[in-house]
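**Student:** Going down the list, the protein sequences come from chains A and B. Residues 9 to 486 in my numbering are what the first sequence spells out, letter by letter. Residues 9 to 486 in my numbering are what the second sequence spells out, letter by letter.
Treat the hints as calculated values from the structure; they're not laboratory data. Small disclaimer: the values here were computed from a predicted structure and weren't measured. A couple of the hints might just be wrong.
Note that the list lumps identical chains together, so a pair holds whenever it fits in one copy or between two copies.
Below, computed lysine-lysine pairings styled on DSSO-like, alpha-carbon distance capped at 27 Å [unchecked claim]: (1) K41 with K229; (2) K378 with K343; (3) K378 with K66; (4) K128 with K343; (5) K66 with K343; (6) K13 with K128.
Each chain, letter by letter, is given below.
Protein chains: 2
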Amino acid sequence: MSTNKLPSQSEDFPAWYVEVVKRAELAEHGPAKGSMIIKPHGYAIWEHTQRALDDRFKATGHENLYFPLLIPMSLLGKEADHVEGFAPQVAVVTHGGGQELEEPLAIRPSSESIIWSTYKRWIQSYRDLPLLYNQWCNVMRWEMRTRLFLRTSEFLWQEGHTAHATSDEAVEEALRMLEVYREVAEDVLAIPVIKGRKSAGERFPGAVETYCIEGLMRDTKALQCGTSHFLGQNFAKAYDVTFLNADGQQEHAWATSWGFSARMVGGTIMAHGDDAGLRLPPAVAPIQVVIVPISRSEEERASVIGVAERIRSELAAQGVRVRVDDREQHRPGYKFAEWELKGVPVRVELGPRDVAADRVVVAERTGGDKAEVPVAELIAGIRARLEGIQRALYAEALAYREANTHEITSYAAFASGVAEQGGFWRGAWCGDAACEAEIAQRTKATIRFLPIEPTDPGTTCMHCGKPGVDVAHWARAY
Amino acid sequence: MSTNKLPSQSEDFPAWYVEVVKRAELAEHGPAKGSMIIKPHGYAIWEHTQRALDDRFKATGHENLYFPLLIPMSLLGKEADHVEGFAPQVAVVTHGGGQELEEPLAIRPSSESIIWSTYKRWIQSYRDLPLLYNQWCNVMRWEMRTRLFLRTSEFLWQEGHTAHATSDEAVEEALRMLEVYREVAEDVLAIPVIKGRKSAGERFPGAVETYCIEGLMRDTKALQCGTSHFLGQNFAKAYDVTFLNADGQQEHAWATSWGFSARMVGGTIMAHGDDAGLRLPPAVAPIQVVIVPISRSEEERASVIGVAERIRSELAAQGVRVRVDDREQHRPGYKFAEWELKGVPVRVELGPRDVAADRVVVAERTGGDKAEVPVAELIAGIRARLEGIQRALYAEALAYREANTHEITSYAAFASGVAEQGGFWRGAWCGDAACEAEIAQRTKATIRFLPIEPTDPGTTCMHCGKPGVDVAHWARAY
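This is chain A alone, in the form it adopts within the complex (with noise of 0.2 Å):
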């Protein structure tokens, strides 16, 4: 570990990014170019987002399964707007076994085309329906200009994709699935999250409509946390999925599809991290509680280490992930700060004075001040500890959105202040996308969301002065 300071936050938070991933080994750049090597400290992050993901999948009634990663371009190219969206980002192979193909492949942008190529074989009657499926893969989506984790070419995510009976049913779905993706933004990764709807222009190619949830990290800027798409008939009438409908009639089929990725590990970096480094939420943090044994002498030393594992064992059995540090080539404070930079929530302290007196010495990485605990304390409170811990992120993550959410009283103040203060805007939108598109031209915001239902917001467009037909969320974002 490098015992230079970070960069500061607010002097320049980029920076301040790249050395935390770097420096918290969490994840590196690959050798081909856009491509990302996720270290155990962050991988483990994304292990436990994935369990308490799936396990609500699992929850609502979803199966996984897994579907191909290369895609014939012929089948690719099927539903316009989808091929037209994700064309310029495809990697293809073109030789294989020796060989060159006969028909190029696509390594999966995404996997709707091949999804709903073979829902056809699997749907026929209302009674096949609905499919709830997803799947957890690789997907690739050619990047030049990559960030670790938040954009790289090929990233890791799960893609939920289900097909309805009705429209109503599928947009019931989708919206069931934003709310998982809350969830699990909020209770989880700790990050408050405010969903809505995209606006056409920021649609999923394919899409009717796209749900999201959106968050703000500590630099004011929003980050796409997880979207839910309804795809209405678009996908089973370019694959010609039809199905006979309780009425004996044919009928295409009504689709969703979700994706949550590992992008969000940069999220929960960029949502809570302070200029020591990481502050992890407990739910995810791959060590929940480090504990660091202090001597002077080997004598000294036999006896704390001795302690602190029966410390460590007794935690661990209550399902707590739990380290010892009893490393010999490093001081407590080099190990303190290197904690603190990997975002243990949970630091103790064990010296021979505290192994006297039956204590140890806590210190929180959300702050406070450092406290000698009766070592049977630190044991029986180290749920509620982490608990707190987890909600003490949630609620400074949630004060920083709300103080940082700002209404649009006038162009120019929105102008100005989205540059200088940065955060959401909220105000009257007239609904046009050109109009969208020259506020975003000018102010480099863009449209986060709507509201999930269109809102009247009872005023005229900030921009044009038409009649306002809806409130739209705006920020810089990621």
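Please build the complex by placing chain B on the supplied structure of chain A, with the hints as guidance.
**Tutor:** Relative to chain A, chain B alone:
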């Protein structure tokens, strides 16, 4: 579900396999040659296997991480044997983002090359060792003749990659993970396996030793169920990975890699299935208990389903994976056949008279007569019942393997025996690769494994008559 009978195993095992995979809805071919769609019932078997492996990897000190899918061709080429082994099977990306790439990228056939080129940055001193890492991912090895689960171009697996300070430690690690594989194969998939060592000709490209676990399928053919490689310093030398040892000397690191793949879903099908379909070990069965309510009137139906639901919820509370099949469009006999085909270990039938008598009728997929069982007894005894089925499947497969393992008394007896009876054939081998190749060419059998430690057979090679140096197990294999 088709109601035709399956082909029988004894008449046409390959046809039986194809039909079971299709009708039990485990998998199907994807649109690109060599690709596979894993359906929910097949994927869930893999998920349970993954969990069993992953828990054991973590318990033995390993952490997960993730390396990129695409590997620059020049990087792949640095370990000579490795690239020679994989070059004919590589799929190549030549275009990305609408442009031809400066350097073509291989889709990983295995990740030693990209991982060891990275370990160069992660390993400086003996204090950095060991590295005990694993990744769950997809890999690609171009195949023209595919068989679902057993041989497809893309497949899902885990690959462990560890680095050590000494040769002994690396060998110990390779054997430790082989033991983990044995445990999962036997205790989870109920497939008896033998641990062994591959002959030089069957080694992984770039390995010093390849250890394996090998099982026998119900058509008397062998299946390699997992491999663990001691890579010596081959990759450290190819990618220049050195470390400062405790004596202050620069040394190349020692390596292992080990892999277990979703082909074992195929192994589970072939090790246990019978003419009625799958027989799934409870440890990996997506549904462990199916409850089929039987009724003739609406009134009966409501009462029977009410009781079925109560039983379901009491079993689910014990962590049993249980489902009530209350589909109205199918008759009980159809449902019985479907769940037998899909391999559900325990079927519970429940009609109005059973409800009145507070009992159910229980049928186990592994056989025996149907039995009337009091509801309370079913619920209290479900764990023991499932464990009994798990043990019965293992015992049956073990007895089958023992009955199909033969001592070689002469080359002629072996050659005709392996052709007519199949199974494992054990006998003395001279250690000569040319002799091995000649036998393989004449009999279509290969050396499946040698003992972990070379073992003097005390007799001459069954084929060439030279002194025997090791005991080989031969078989025809997948």
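**Student:** For every hint, state whether the structure bears it out.
**Tutor:** Structure-based check of each hint:
| no. | hint | in the structure |
| --- | --- | --- |
| 1 | K41 with K229 | within (26 Å within a copy, 44 Å between copies) |
| 2 | K378 with K343 | within (16 Å within a copy, 63 Å between copies) |
| 3 | K378 with K66 | neither (41 Å within a copy, 32 Å between copies) |
| 4 | K128 with K343 | between (57 Å within a copy, 25 Å between copies) |
| 5 | K66 with K343 | between (40 Å within a copy, 24 Å between copies) |
| 6 | K13 with K128 | between (57 Å within a copy, 26 Å between copies) |
Hint 3 alone, counting from the list given before, is not met by this structure.
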